[in-house]
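J.: If you read the protein sequences in the order shown, they are chains A and B. In the working numbering, each residue's number is its place in the first sequence (first place is 1) plus 88. In the working numbering, each residue's number is its place in the second sequence (first place is 1) plus 88.
Any given hint might turn out to be false.
Treat identical chains as interchangeable: a pair holds within one or across any two.
Simulated crosslink set (DSS-like; lysine-lysine; CA at most 30 Å straight-line) [claimed, not checked]:
no. : residue 1 : residue 2
1   : LYS343    : LYS268
2   : LYS353    : LYS395
3   : LYS213    : LYS280
4   : LYS182    : LYS343
Think of the hints as simulated: they come from the structure by calculation, not from any bench. As the structure is a prediction and not an experimental result, all values here were calculated from the model.
Protein chains: 2
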Amino acid sequence: MSNTVVALDCMGGDYAPLEPVKGAIDAIKENENIFVKLYGRKEEIEAVLSECADIDKISSSYEIVDCSEVIETGEPPVNAIRQKEDSSLVKCFKAVKNNEAHAMVSAGSTGANLVGGQVIIGRIKGVQRPPLAPLLPTENGVILLLDCGANVDPKAKHLVQFAKMGSVYMENVVGIKNPKVGLVNIGTEEEKGNALSKEAYQLLSQTEGINFVGNIEAREIPEGTVDVAVCDAFTGNMILKTYEGVGAVLLKKIKGALFTNLKTKIGALLIKKSLKNTMKAFNIEQYGGAPLLGLNGLLVKTHGNSKSVEVKNSIIQCHNFIEKDVNNKFKEKLSLK
Amino acid sequence: MSNTVVALDCMGGDYAPLEPVKGAIDAIKENENIFVKLYGRKEEIEAVLSECADIDKISSSYEIVDCSEVIETGEPPVNAIRQKEDSSLVKCFKAVKNNEAHAMVSAGSTGANLVGGQVIIGRIKGVQRPPLAPLLPTENGVILLLDCGANVDPKAKHLVQFAKMGSVYMENVVGIKNPKVGLVNIGTEEEKGNALSKEAYQLLSQTEGINFVGNIEAREIPEGTVDVAVCDAFTGNMILKTYEGVGAVLLKKIKGALFTNLKTKIGALLIKKSLKNTMKAFNIEQYGGAPLLGLNGLLVKTHGNSKSVEVKNSIIQCHNFIEKDVNNKFKEKLSLK
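Model the full structure from these sequences, guided by the hints.
T.: Shown next, in the form of structure tokens:
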């Protein structure tokens with residue numbers, strides 16, 4: 089495989105297969121070194137492809153892998169993975185596991201992705217808990233928040249691994265030199281926090297090879313005072329969901345204010361373009377999905393409601409990750425080689 | 089005392105004594121049943137009062153209590169409280185403790201307020217952990233989030249007390265009948281969460297006298313799907329700070345978008361009033377400070393950067409709390425009578 093081969097779960101998410109397939113085509117058009125394997129119901133995928141412009145020109149950059157089953161969002165993850173061997177999601181896991189793809193992207197069930205990533209694809213030997221690590225928009229750039237995944241009761245030593253992998257990711261995939269690492273806590277003073285954060289502070293302070301700057305408050309995440317923010321997955325989930333919820337409600341309220349009366353509607357027309365550009369920079373989808381770090385390969389989980397742009401960016405994220413040989417750099421940083 | 093007597097720490101916060109004193113005057117003007125004791129440096133308080141309009145008409149509704157010392161935000165709480173007996177903050181605690189005031193309001197150090205509230209004012213007998221409970225703006229109203237205070241490693245049974253006190257507060261102070269209570273968790277399914285939330289779910293499900301609707305995700309807090317959201321203080325802090333941070337950064341970005349060029353500036357003029365009204369409804373300060381519930385009296389902590397409107401609303405909040413005899417209703421709900 090000279091190109092980056094990405095397995096795409098075309099049946100996952102609210103807009104499957106339309107948006108995943110469109111995202112794949114856009115990614116291929118943007119970067120000729122990307123090859124996408126489209127997993128899902130062949131006829132449905134072909135129907136979407138037939139609507140895409142210039143599809144003949146890129147026909148050597150994708151292939152369809154027909155799958156008869158689909159894992160739904162509400163299904164219990166472990167059972168679903170065990171029983172639906174011919175589902176698009178399980179076949180993506182296996183493609184990465186068997187080196188038929190370097191990485192995979194799915195907008196399907198978060199639970200099934202977390203389980204399948206760890207159980208089928210498998211962890212890098214020595215990685216204790218693979219963290220789910222979304223990039224969030226900040227005032228002036230992006231921040232990697234990890235863990236937002238399944239490790240709701242982790243140990244302090246796991247947070248040290250998160251900090252190391254997060255640093256490697258930001259340096260190599262996003263291009264931030266010597267990224268600053270903060271421990272998310274209820275105050276910036278060393279003695280603040282719960283049992284986990286107090287212990288993690290001590291361990292992180294003694295860890296070499298990372299640029300640990302101490303505790304940060306959750307308020308500093310949107311402000312972007314650090315590049316990598318580490319926490320347990322319960323905390324990460326709270327921050328991520330509050331981020332999304334407050335952003336969505338505020339934007340809804342602002343839209344309401346713009347359409348109050350004729351005067352505001354005229355005003356809205358005048359600011360539309362500028363406001364749209366601003367909001368685009370603060371749109372979580374813009375940065376692609378969340379990688380599950382520390383696997384033998386890479387899994388990127390996009391939002392359930394992701395549109396083609398998020399899928400496209402996630403596939404390009406996979407390409408950058410593979411091209412920069414990030415997994416080997418994880419092993420070096422974690423002293424696993 | 090026939091009126092509600094509120095002790096105000098005039099030296100706490102970034103804009104002391106100007107904004108606290110102005111807030112007190114506004115509260116008195118709004119409600120003639122409020123009497124405010126102004127604690128702080130007498131000369132500085134008098135200087136602010138001398139600038140207020142119609143001050144003579146309300147001179148029977150306040151008094152100044154001179155204090156020689158001030159507790160700064162950065163001071164270690166326990167030492168500060170022990171050593172600065174003549175500080176405005178410590179004298180407010182003692183006023184409530186000694187029944188010289190029904191309630192107190194301070195924009196000073198959060199740590200010192202949490203410690204002084206519990207140690208000097210003291211808990212209602214049987215209340216295990218007094219929660220700090222801010223009201224947050226939602227899409228269509230407000231939600232009480234507790235605990236955002238000092239209980240970072242609470243037990244599940246403490247969350248049950250939070251749910252009960254929060255229900256009484258929303259019903260009596262905010263006027264919501266049969267308020268819905270949600271447990272903040274990483275998913276809505278019963279089996280989701282960390283050790284604490286799993287145990288708390290079981291206990292809350294079995295608790296009579298509250299309207300427990302199950303787990304809620306953090307995203308539902310700005311959406312306002314429940315009236316009372318319970319969690320440990322670490323989680324509460326994460327949500328509160330993310331709320332404030334995302335709101336502030338988004339508003340800054342929107343302002344930037346409005347002042348991009350001449351066209352957007354004209355547009356901004358047309359939408360200004362409508363946008364301002366919208367933002368006012370989503371402004372945390374609008375709802376006053378956060379009460380520390382379960383004390384023998386009431387302490388309301390306002391933001392360090394609070395302006396007069398937040399102080400005023402906090403004083404009125406104290407009045408409603410005392411008038412509705414909420415502490416006795418806490419005792420009934422908690423079966424402490």
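J.: Next, verify each hint and record whether it holds.
T.: Now for the hints, and whether the structure bears them out:
no.	hint	in the structure
1	LYS343 / LYS268	between (36 Å within a copy, 28 Å between copies)
2	LYS353 / LYS395	within (28 Å within a copy, 32 Å between copies)
3	LYS213 / LYS280	between (33 Å within a copy, 28 Å between copies)
4	LYS182 / LYS343	neither (44 Å within a copy, 48 Å between copies)
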